[in-house]
Amino acid sequence: MSRPWMDLSSLCFVVLPCLALVGCGDDAVSASEESTTTETGAGDGDGDGDPGDGDGDPGDGDGDPGDGDGDPGDGDGDPGDGDGDQPATPLQAGVAMRYLEYPVGISLAGFGGRVGGTNTAWSGLFYGTRGFYGYPTIKAMVMESEEGEQVVLMKTPMMSAESGVTDATAAKYEELYGEDLRGRILWGATHSHHAHGRYWRLPDIFGAVGTDTADEEVIDLLATEFAMTIKAAMDDLGDAEWGYTAIEDWDPMDKVYGDRRGGNNPIYGKDPTLTVFGLRRPDGTPMAAMFNFGMHGISVAYENELLTEDAPGAVELEFEQYFFEQTGEPIFGMIAQAGGGDSSPRGGFLNHGPATQRTELIGMVAAPVIFDAYQNLEWDDDPEIVVQSQRVDLTYDKFGYDENGEFSGTVLNVIPIDYTWGGWQCTGVAEDDDLETSMEGKDKQCIPVDTLLFGDVPHGEIHQTYLSVAKIGPLFMMTIPGEPAYSIIKYARDQFATLRSSDPIDLMVWGYSQDHLLYFTAPDDWYQGGYEAEMSLWGPFGGTFMVDTNLAMIEDILAGQVGPALVEETPSLAEPGGFSARAYELSQNHGAVVTNVETMQQRLDLVRFGFGGGDPSVGAPNVRVQVDDGQGNFVDVPHPAGWAGRAYDNSRNEMITHYEPTPAPNGEVAASRAHEWYVDWEIPADWPAGEYRMIASGPYWDGANIQTYEAISTVFMVEQSDAAALVANLADPATLYLTLVLPTVDEVKDGTWPIRGWRLHDAWHTPDQGIHVRAPISLEFIVDGMATGEVWEASYDPVEDAYVFDFAQTGLDPDANLEVDAWLSADLEPSIVTTAITGP
1 MSRPWMDLSS
11 LCFVVLPCLA
21 LVGCGDDAVS
31 ASEESTTTET
41 GAGDGDGDGD
51 PGDGDGDPGD
61 GDGDPGDGDG
71 DPGDGDGDPG
81 DGDGDQPATP
91 LQAGVAMRYL
101 EYPVGISLAG
111 FGGRVGGTNT
121 AWSGLFYGTR
131 GFYGYPTIKA
141 MVMESEEGEQ
151 VVLMKTPMMS
161 AESGVTDATA
171 AKYEELYGED
181 LRGRILWGAT
191 HSHHAHGRYW
201 RLPDIFGAVG
211 TDTADEEVID
221 LLATEFAMTI
231 KAAMDDLGDA
241 EWGYTAIEDW
251 DPMDKVYGDR
261 RGGNNPIYGK
271 DPTLTVFGLR
281 RPDGTPMAAM
291 FNFGMHGISV
301 AYENELLTED
311 APGAVELEFE
321 QYFFEQTGEP
331 IFGMIAQAGG
341 GDSSPRGGFL
351 NHGPATQRTE
361 LIGMVAAPVI
371 FDAYQNLEWD
381 DDPEIVVQSQ
391 RVDLTYDKFG
401 YDENGEFSGT
411 VLNVIPIDYT
421 WGGWQCTGVA
431 EDDDLETSME
441 GKDKQCIPVD
451 TLLFGDVPHG
461 EIHQTYLSVA
471 KIGPLFMMTI
481 PGEPAYSIIK
491 YARDQFATLR
501 SSDPIDLMVW
511 GYSQDHLLYF
521 TAPDDWYQGG
531 YEAEMSLWGP
541 FGGTFMVDTN
551 LAMIEDILAG
561 QVGPALVEET
571 PSLAEPGGFS
581 ARAYELSQNH
591 GAVVTNVETM
601 QQRLDLVRFG
611 FGGGDPSVGA
621 PNVRVQVDDG
631 QGNFVDVPHP
641 AGWAGRAYDN
651 SRNEMITHYE
661 PTPAPNGEVA
671 ASRAHEWYVD
681 WEIPADWPAG
691 EYRMIASGPY
701 WDGANIQTYE
711 AISTVFMVEQ
721 SDAAALVANL
731 ADPATLYLTL
741 VLPTVDEVKD
751 GTWPIRGWRL
761 HDAWHTPDQG
771 IHVRAPISLE
781 FIVDGMATGE
791 VWEASYDPVE
801 DAYVFDFAQT
811 GLDPDANLEV
821 DAWLSADLEP
831 SIVTTAITGP
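All residue numbers for the sequence shown refer to the working numbering, where the first residue is 1 and numbers rise by one.
Hints were generated in silico from the structure; no laboratory data involved.
Hints may contain errors.
Cβ-Cβ distance ranges computed for the label pairs, FRET-style [what the hints assert, rightly or not]:
hint	residue 1	residue 2	range
1	Leu435	Leu499	42 to 48 Å
2	Gly353	Ala787	37 to 43 Å
3	Thr410	Trp250	41 to 47 Å
4	Gly328	Val715	42 to 48 Å
5	Asp506	Thr427	34 to 40 Å
6	Gly563	Ala583	30 to 36 Å
7	Gly703	Trp250	50 to 56 Å
8	Asn351	Val635	37 to 43 Å
9	Asp506	Val635	45 to 51 Å
10	Ala836	Ala808	18 to 24 Å
11	Asp402	Ala430	27 to 33 Å
The calculated lysine to any residue pairs, modelled on SDA-like cross-linking and capped at a C-alpha distance of 20 Å, are [as the list claims (entries may be wrong)]:
hint	residue 1	residue 2
12	Lys442	Tyr531
13	Lys231	Asn119
14	Lys398	Asn351
15	Lys749	Asp548
16	Lys398	Pro272
17	Lys490	Glu149
18	Lys442	Val411
19	Lys490	Ile247
20	Lys490	Trp250
21	Lys490	Gly441
Beta carbons are placed, not taken as given, at the ideal position from N, Cα and C, and that holds for glycine.
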């Protein structure tokens, strides 16, 4: 069924104001969802090892810091490890990671309407960033079969993938390295709403939707960094094994993520599946783990001005740290989104308020589950690899709307219209829990996409898309070019289950990958209306078309009908433009110490170190912590995840990095500026006492070349907090129970970012219970005011929620006048807390 088409470009003045009000949805939970979400503020007591349930201790760091002697998968001289020796396994694989920590000043993608604020040389309609919570990361796996078939799997910190960047990355790789990887690169985004924007080539006014205006230099920068990451993974190719598994209902208490869409209840909840895909060397050396589940990156607030990978990135960080603490070996963690379109991060089950604390807790709950899955993978070294990609034209007829009439409506309830070029902000029913209220068979009130594009149709960003499938052994990976809700993921899995295959096959659906066309749902879900339906571009059958097209490629692979890696229905309609690269600014005070560290610090204190650095266009600073090793030398504190060549620094969430130049940014590139940076570090409750210093280093422009500066802080002492409370009680003459508790740090903000209380210091107690230290402690007993001179060790018992010490071994009289000195066993210079022993 079709209707007379009319030109509605004259209605632009009506619809443009709404652009500033949209973007991805917030974390609001409907009343119907709230009743099923368990954020109780206490442990669930289910004995599954989650923080807060009293029986596990993920990430407690109870061993000495490991020094890490190699990046995941790096060559060490063994055959097939990527150092040039002959391969010993059919599968060759490599992994790599690069930071995307620049340019600070770039505007953020994710939320619409981020106008006002700091105007930088890298921002457009939206305000520019002023620092970061940690370095955003790009991580890539490359796999090559014995037949020479290659596939690249790449995770990026972006809000979404986009076909223009997909094409640009392949083109950049060929330009730099002379190899054609078109169709073989599958990449996706964390979907953080606080990552680099300006990569979606739409009319400028569309930038208000959530990605800011397009900028060709930004697109080229991203493509270059992505290509360089892939090349590093290629250079790491060596003997490898792979494996995968899927776990259903892995987060039953919604501690990690939860359903945010009530309009489709009770048919659809959250996507319950976790798929873990792993790589390792044949000797068992871990390389990387990809974890596939759906969760929005919206824990941090809309008004945020700092780059962060939000909750999805926190899962990577906590998994990498937990893996190293359990095994002593480093690994790369890579999130691959699934049905995150209607799923929000949680992490509030212990009543932590700050968003950054909740993201850490999300990661700490997820990490042991992913770790166990990786450890129990069945490994194989000879998978068949096939990759097929298509550039597909998107038309009204292809979706079947010319026959079913399900994407038509009336303008002002008078003039009939078909949404021939797509429709946005479609309404027809109010979102509720009543499945009887449906838009099926009814007129839809949408904004015609051709109106928003000012008649520039077909448009490469809306009327074409990029789809890919990869077969790796029995596992098929299917990409979805936008924000898939669980309903369309379920549709994909259900339809995949009907395919005929002589051998068992499985499916992993990768959302937010290859391209971005906003939201996709199943038709019955779309008809229920609400945010996810309104934020789609191609109506009720947009998602099923994407899945069905992918399934057709999978059927061809199963039938042995394999063509070129990339097939284009028509050439790309995208029109990349040229650009003049932004100039670099000279640094007026690089290497100068601007704000020095106070020489005496206590656990939980805020340490601030400010220094002159470089133009953020050439890179961000690295600030690492060094410790006096007792021999008069300062050495790097090891990286928490054991990465070689890295220290405990501002690349992770341990510190917040700020950029405060003089003069302040004004949207223009200056000849020179005082590029001043500072980091805030909240000293952990279990940080070893001793002498430390900070070293900041980074790139700066000297007018001819990029050079490196260095700034070194004063030496400062870290001691126990004056507010630390030690309690020691003899439960019986032979058993001493101890707790060491520090007061919770309240969150304090300076504008849009926290300056106190953003770190999670205790993942097992509610904030009103204080911060319970779990690191091993040393004890010395005092009898009648005289120290015994013997030192004992005590370990934390997570079940008893206390240190449990065998007092009988001391031979001391339990009825004597007893006191105890306690300090962290890792203290380089013991910082003692003393208390009287009570009981029995």
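Going through the hints against the structure:
1. Leu435 with Leu499: 42 to 48 Å: 29 Å, violated
2. Gly353 with Ala787: 37 to 43 Å: Since the Cβ atoms of glycine 353 and alanine 787 sit about 42 Å apart, the hinted range of 37 to 43 Å holds.
3. Thr410 with Trp250: 41 to 47 Å: 46 Å, holds
4. Gly328 with Val715: 42 to 48 Å: 30 Å, violated
5. Asp506 with Thr427: 34 to 40 Å: 38 Å, holds
6. Gly563 with Ala583: 30 to 36 Å: 46 Å, violated
7. Gly703 with Trp250: 50 to 56 Å: 55 Å Cβ-Cβ, so the 50 to 56 Å window holds.
8. Asn351 with Val635: 37 to 43 Å: 39 Å, holds
9. Asp506 with Val635: 45 to 51 Å: Holds: the Cβ-Cβ distance is about 47 Å, inside 45 to 51 Å.
10. Ala836 with Ala808: 18 to 24 Å: 20 Å, holds
11. Asp402 with Ala430: 27 to 33 Å: About 28 Å separates the Cβ atoms of aspartate 402 and alanine 430, which means 27 to 33 Å holds.
12. Lys442 with Tyr531: Holds, at roughly 18 Å.
13. Lys231 with Asn119: This hinted pair is violated, its Cα atoms lying about 34 Å apart.
14. Lys398 with Asn351: This hinted pair is violated, its Cα atoms lying about 49 Å apart.
15. Lys749 with Asp548: The hint is violated at about 48 Å.
16. Lys398 with Pro272: 31 Å, violated
17. Lys490 with Glu149: 30 Å, violated
18. Lys442 with Val411: Answer holds: lysine 442 to valine 411 is near 14 Å, not above 20 Å.
19. Lys490 with Ile247: 15 Å, holds
20. Lys490 with Trp250: 16 Å, holds
21. Lys490 with Gly441: 23 Å, violated
Checked against the numbered hints given earlier, this structure breaks hints 1, 4, 6, 13, 14, 15, 16, 17 and 21; the rest are met.
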